[in-house]
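Chemist: Here are the chains, one letter per residue:
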Amino acid sequence: MKKSSIRNKRRITVFDSVNNTVLLLIAVVCIYPFLYILFIACSDGTFLTRGQVDFFPKGFNIESFKYVLTNPKFDIFTGMKNSFIYTLFGTLIAVVFTYITAYALSRPRLKQRYVIMTLFVITWVFEAGIIPQYIVYSKLGFIDNIWVMIVPGAINTQFLLITKAFLDGLPAELEEAAFIDGGTDFQTLTKVFLPISKPILATIGLFNAVSIWNQYLVPQMFLKSDNLKTIQQILKSVVITSGNSGTVFTNVMRNGFTLNQNNMKAAAIFIAMTPIACIYPFVQKYFKKGILIGSVKG
Amino acid sequence: MKKKGMKILGKGNKAVTIPLTKKPLKQRIKKDLKKNRQLYLLLLPGIISLILFKFGPLFGMVIAFENFSAFKGILGSEWAGFKWFIKIFHDPYMLKLLKNTIILAVLSLVVVFPIPIIFALFLNEIKQKAIHGFVQSLSFLPYFISSAVMVSILFTMLSPTNGIVNNLIKAMGKTAIHFQASPAWFRPMYVFLQVWQTFGYSAVIYIAAMTAVDPALYEAAEVDGANRWVKMLHITLPSIAVSVITMFIISVGNIFTVDLDRILLMYNSSVYSTADVIQTYVYRIAFESSGFPNYSYGTAVNLLKSILAFILVMLTNKAADKYAETRLF
Chain A
0 MKKSSIRNKR
10 RITVFDSVNN
20 TVLLLIAVVC
30 IYPFLYILFI
40 ACSDGTFLTR
50 GQVDFFPKGF
60 NIESFKYVLT
70 NPKFDIFTGM
80 KNSFIYTLFG
90 TLIAVVFTYI
100 TAYALSRPRL
110 KQRYVIMTLF
120 VITWVFEAGI
130 IPQYIVYSKL
140 GFIDNIWVMI
150 VPGAINTQFL
160 LITKAFLDGL
170 PAELEEAAFI
180 DGGTDFQTLT
190 KVFLPISKPI
200 LATIGLFNAV
210 SIWNQYLVPQ
220 MFLKSDNLKT
230 IQQILKSVVI
240 TSGNSGTVFT
250 NVMRNGFTLN
260 QNNMKAAAIF
270 IAMTPIACIY
280 PFVQKYFKKG
290 ILIGSVKG
Chain D
0 MKKKGMKILG
10 KGNKAVTIPL
20 TKKPLKQRIK
30 KDLKKNRQLY
40 LLLLPGIISL
50 ILFKFGPLFG
60 MVIAFENFSA
70 FKGILGSEWA
80 GFKWFIKIFH
90 DPYMLKLLKN
100 TIILAVLSLV
110 VVFPIPIIFA
120 LFLNEIKQKA
130 IHGFVQSLSF
140 LPYFISSAVM
150 VSILFTMLSP
160 TNGIVNNLIK
170 AMGKTAIHFQ
180 ASPAWFRPMY
190 VFLQVWQTFG
200 YSAVIYIAAM
210 TAVDPALYEA
220 AEVDGANRWV
230 KMLHITLPSI
240 AVSVITMFII
250 SVGNIFTVDL
260 DRILLMYNSS
270 VYSTADVIQT
280 YVYRIAFESS
290 GFPNYSYGTA
300 VNLLKSILAF
310 ILVMLTNKAA
320 DKYAETRLF
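Chains as they are written, first to last, in numbering that gives the first Met the number 0: chain A, 0 to 297; chain D, 0 to 328.
Hints are computed from structural coordinates only; laboratory data are not their basis.
Given the structure is predicted, the values throughout are model-derived calculations rather than measurements.
Even glycine gets a Cβ: it sits at the ideal position worked out from N, Cα and C.
It is possible that part of the hints are untrue.
In silico lysine to any residue, SDA-like type, Cα no more than 25 Å apart, as pairs [to be verified]:
hint : chain 1 : residue 1 : chain 2 : residue 2
1    : A       : K288      : D       : S250
2    : D       : K30       : A       : A176
3    : A       : K284      : D       : F112
4    : D       : K126      : A       : N18
5    : A       : K284      : D       : L120
6    : D       : K29       : A       : P107
7    : A       : K223      : D       : I284
8    : D       : K169      : A       : F46
9    : D       : K95       : A       : N18
10   : A       : K190      : D       : N35
11   : A       : K228      : D       : Y266
12   : D       : K33       : A       : F178
13   : D       : K317      : D       : I244
14   : A       : K287      : D       : T235
15   : D       : K95       : D       : T256
16   : A       : K284      : D       : A207
17   : D       : K321      : A       : I292
18   : D       : K128      : A       : I292
19   : A       : K110      : D       : R36
20   : A       : K110      : D       : K22
Coverage of chain D stretches by chain A, computed from C-beta distances (three or more under 8 Å per stretch; other residues unrestricted) [claimed, not checked]:
hint : segment
21   : 145-158
22   : 278-289
Make a model of the complete structure from these sequences and hints.
Modeler: Put into C-alpha cells, the structure is as follows:
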C-alpha cells in the first residue's frame with residue numbers, strides 16, 4: 000500500500016504538467032523584458048517604427064552596439080569603463096576591510112568587541128540621511144573624487160555581521176593550534192583562516208560588486224564631472240530623461256541598416272546589464288547562499 | 000603605589016608578590032596593546048571608517064538645530080533651536096509626503112509580500128530537479144540588475160510611441176497611455192517593478208525552509224489519503240510559518256524605507272502628486288533647489304523620519320524576538 004503511493008508520487012499527473020508549464024512561463028516572463036531589449040537593439044530601425052518587433056529581432060544587425068559604444072556623445076564607453084574601475088577596486092577594498100574587521104571582532108580576547116559591534120549596528124539602524132552625509136563627505140574631499148565609490152561604503156554592517164557570524168562558527172582550536180606553533184595574528188589570519196573562508200569571501204565579494212555596480216544615489220550625489228560618471232548615471236540621462244525628442248538621437252544609416260533612437264537606447268540598456276548577466280550563470284549558487292545567510296542575521 | 004597582594008617566599012628566599020587584585024588600568028592597557036597589537040592594527044580601518052563615514056554624518060545631523068550656512072560650517076553656524084521642526088508641523092506638504100510614503104509601503108506589504116510565498120509553494124511541487132533549478136535561477140536574476148536598467152526597460156516597453164504595451168493598446172483601438180507622465184500609473188509601476196525585482200529573491204528563503212521538512216510527514220499524509228492541496232496547505236505552509244512571520248515583521252519595520260534609487264529614476268515633476276516621498280523631497284532640497292539649499296530644514300525632515308523608522312525597527316525587532324524567535328541584530 001505504502002509502496003504504491005510512493006510510486007504514485009513519481010508519476011507525472013495533470014497537476015504536475017500544469018504546474019510545470021505555469022512556472023516555466025513565469026520564469027520566461029521574468030526574463031522576456033531583457034530579451035525584448037536585446038531584440039530591439041538587434042533589429043533594423045524601420046521595423047521598429049512600424050511596431051513589428053515583439054518576439055524575435057527583425058532585420059538582424061549589431062550596428063547599434065558598435066554605434067553607441069564608439070560615439071562619444073553617448074558616454075556609454077566612459078560610463079562602462081568607470082563602473083568597471085569602481086567595482087573592481089571597491090570590491091577589493093570592501094572584502095579586505097570587511098574580513099579583517101570581522102576577524103578582529105570575532106576574537107574573544109578583544110574585550111571591546113561588543114561595544115564596537117553595537118556602534119556599527121546603531122549606524123546601520125539609525126540613518127543620518129543624505130544631507131549630513133553630503134556635507135561631511137564634501138568636507139572629507141569626496142566631491143568629484145572616485146574614492147567615494149571605493150572607501151566610504153567598504154564596510155557594510157550587514158556583510159560585516161554575516162562574515163563575523165561565519166568566523167564565530169569556526170572552531171576555537173584553529174587559532175589555539177596556530178598560536179602554539181608560534182604564529183602571530185597576521186600569520187594565523189592569512190595561513191589558517193583565509194583558506195577556509197573562501198565561500199564567505201566569494202559571497203560578500205559578489206554582493207559588494209553587484210551593489211557598487213548598481214548603485215545610483217551615491218555617484219549621483221558626488222560624481223558631477225562627465226568623465227567620472229557611472230554607467231547607471233549615463234543610462235538615466237541618455238535613456239530615461241532624454242524623452243522622445245532628444246537631439247542626441249538622430250536616425251543614422253550604418254552598413255545599410257537604419258538605426259533610430261530606440262535601437263540606440265536598447266543597445267545602451269543591454270550593454271549596461273551585460274556584465275551581471277554574463278557572470279550570473281557561474282556565480283548564482285553564491286548569490287543563493289548569500290541570500291540565505293543574509294536572511295538569518297546573526 | 001604599593002602593590003597589594005600576598006607575600007610568599009620565592010626562589011632564594013626573596014619575597015615575591017603575587018597580585019590578588021588587577022594591575023592599574025594604564026599597565027593593563029599597555030599589556031593588552033602589546034599582546035594584541037596586530038589585532039588592533041587589523042581593526043584600524045574599521046574604526047576609522049566607523050568614525051569618519053558612519054558617525055561623521057550622524058554628528059552632521061546637528062545642523063537640523065542650526066541656521067546652517069555652508070560658509071560657516073557645522074561648528075560655526077548659529078543655533079536655531081526647534082525652528083525647523085516647528086516649520087515642519089506647519090507645512091501642509093509634509094502630510095502629503097507622509098501619505099505618499101506610507102501608501103507605497105503598504106502597497107509593498109499587501110501586494111508584494113504574498114507573491115513569493117505562493118510562488119515558493121508551487122515551485123516546491125515541481126519534482127524534476129532541472130526544471131526546479133531553472134525556474135528558480137531565472138526568477139531571482141532581476142534582483143541583481145540595477146534599478147537604472149529595470150526602469151529603462153520598463154519605460155521602453157511602455158513607451159507611448161513604439162513600446163510593446165502601447166502597440167497592443169493601439170491595436171485594440173484605444174489611445175496610447177503616457178505612463179511615464181501619469182500620476183495614477185506611478186504606484187502600479189513602482190509596485191510592479193518591486194514584484195519583478197524581488198519575488199524570486201524572497202522566495203529563496205521560503206524554499207530553503209521547505210526543503211527542511213521531513214519527507215516522512217508527506218508519506219504519512221499520503222497513507223491517510225491526503226491529496227496535493229491538503230499537503231501543501233497543512234504540511235508545506237506551516238513549515239514556513241516562522242520564516243513568513245519573520246519576513247513580515249521585517250517588512251513592517253522597513254515601512255519608511257522606500258527604494259530611493261528606483262523613485263529618483265522613475266519620477267518627474269508631472270507625477271510628484273503620487274511619487275514624491277520624504278526622501279525624494281529631502282534629495283531635491285539638497286540637490287535641486289534654486290538658490291541656496293535649505294540644508295537645515297531638509298535635515299530636520301530627515302531626522303524626524305529617522306526617529307520614526309528607528310522606533311519602528313526596534314519594536315519590530317522585539318516582536319521578531321518574541322514571536323519568531325529570531326532577531327535582526
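Chemist: Look at each hint and say if it fits the structure.
Modeler: Cross-check of the supplied hints:
Distance hint between K288(A) and S250(D) is fulfilled; the C-alpha atoms sit about 21 Å from each other, no more than 25 Å. For the hint linking K30(D) to A176(A), the alpha-carbon distance of about 22 Å falls within 25 Å, and the restraint holds. This hinted pair checks out: K284(A) and F112(D) have alpha carbons roughly 24 Å apart, not beyond 25 Å. For the suggested pair K126(D) and N18(A), the alpha carbons sit about 10 Å apart, so the restraint of at most 25 Å is met.
Annotation: proposed proximity of K284(A) to L120(D) holds, straight-line Cα distance about 21 Å (limit 25 Å). For the hint linking K29(D) to P107(A), the alpha-carbon distance of about 18 Å falls within 25 Å, and the restraint holds. About 17 Å separates the Cα atoms of K223(A) and I284(D), which keeps this hinted pair within 25 Å; it holds. About 17 Å separates the Cα atoms of K169(D) and F46(A), which keeps this hinted pair within 25 Å; it holds.
Distance restraint check for K95(D) and N18(A): the Cα-Cα separation of roughly 44 Å exceeds the 25 Å cut-off, and the hinted pair is therefore not satisfied. Straight-line distance between C-alpha atoms of K190(A) and N35(D) comes to about 18 Å, which keeps the hinted pair within the 25 Å bound. Simply put, K228(A) and Y266(D) have alpha-carbon atoms about 21 Å apart, close enough for the 25 Å limit, and the pair holds. Straight-line distance between C-alpha atoms of K33(D) and F178(A) comes to about 16 Å, which keeps the hinted pair within the 25 Å bound.
At roughly 13 Å between alpha-carbon atoms, K317(D) and I244(D) fall within 25 Å of each other, so this suggested pair holds. This hinted pair checks out: K287(A) and T235(D) have alpha carbons roughly 21 Å apart, not beyond 25 Å. At roughly 17 Å between alpha-carbon atoms, K95(D) and T256(D) fall within 25 Å of each other, so this suggested pair holds. Between K284(A) and A207(D) the CA atoms are separated by roughly 13 Å; this keeps the pair inside 25 Å, and the hint holds.
Restraint check: the Cα-Cα separation between K321(D) and I292(A) comes to about 21 Å, which is no more than 25 Å; the hinted pair holds. Our distance criterion of 25 Å between C-alpha atoms is met by K128(D) and I292(A), whose separation comes to about 23 Å. The suggested pairing of K110(A) with R36(D) holds, with an alpha-carbon distance near 13 Å, which does not exceed 25 Å. Pair hint K110(A) plus K22(D) holds up; C-alpha atoms about 16 Å apart against a cutoff of 25 Å.
Counting residues of the segment 145-158 of chain D whose beta carbon lies closer than 8 Å to any beta carbon of chain A gives 12, which meets the minimum of three for the stated coverage. With 6 residues having a beta carbon nearer than 8 Å to a beta carbon of chain A, the segment 278-289 of chain D meets the requirement of three or more and the stated coverage holds.
Comparing the model with each earlier hint shows a violation of hint 9 alone; every other hint is respected.
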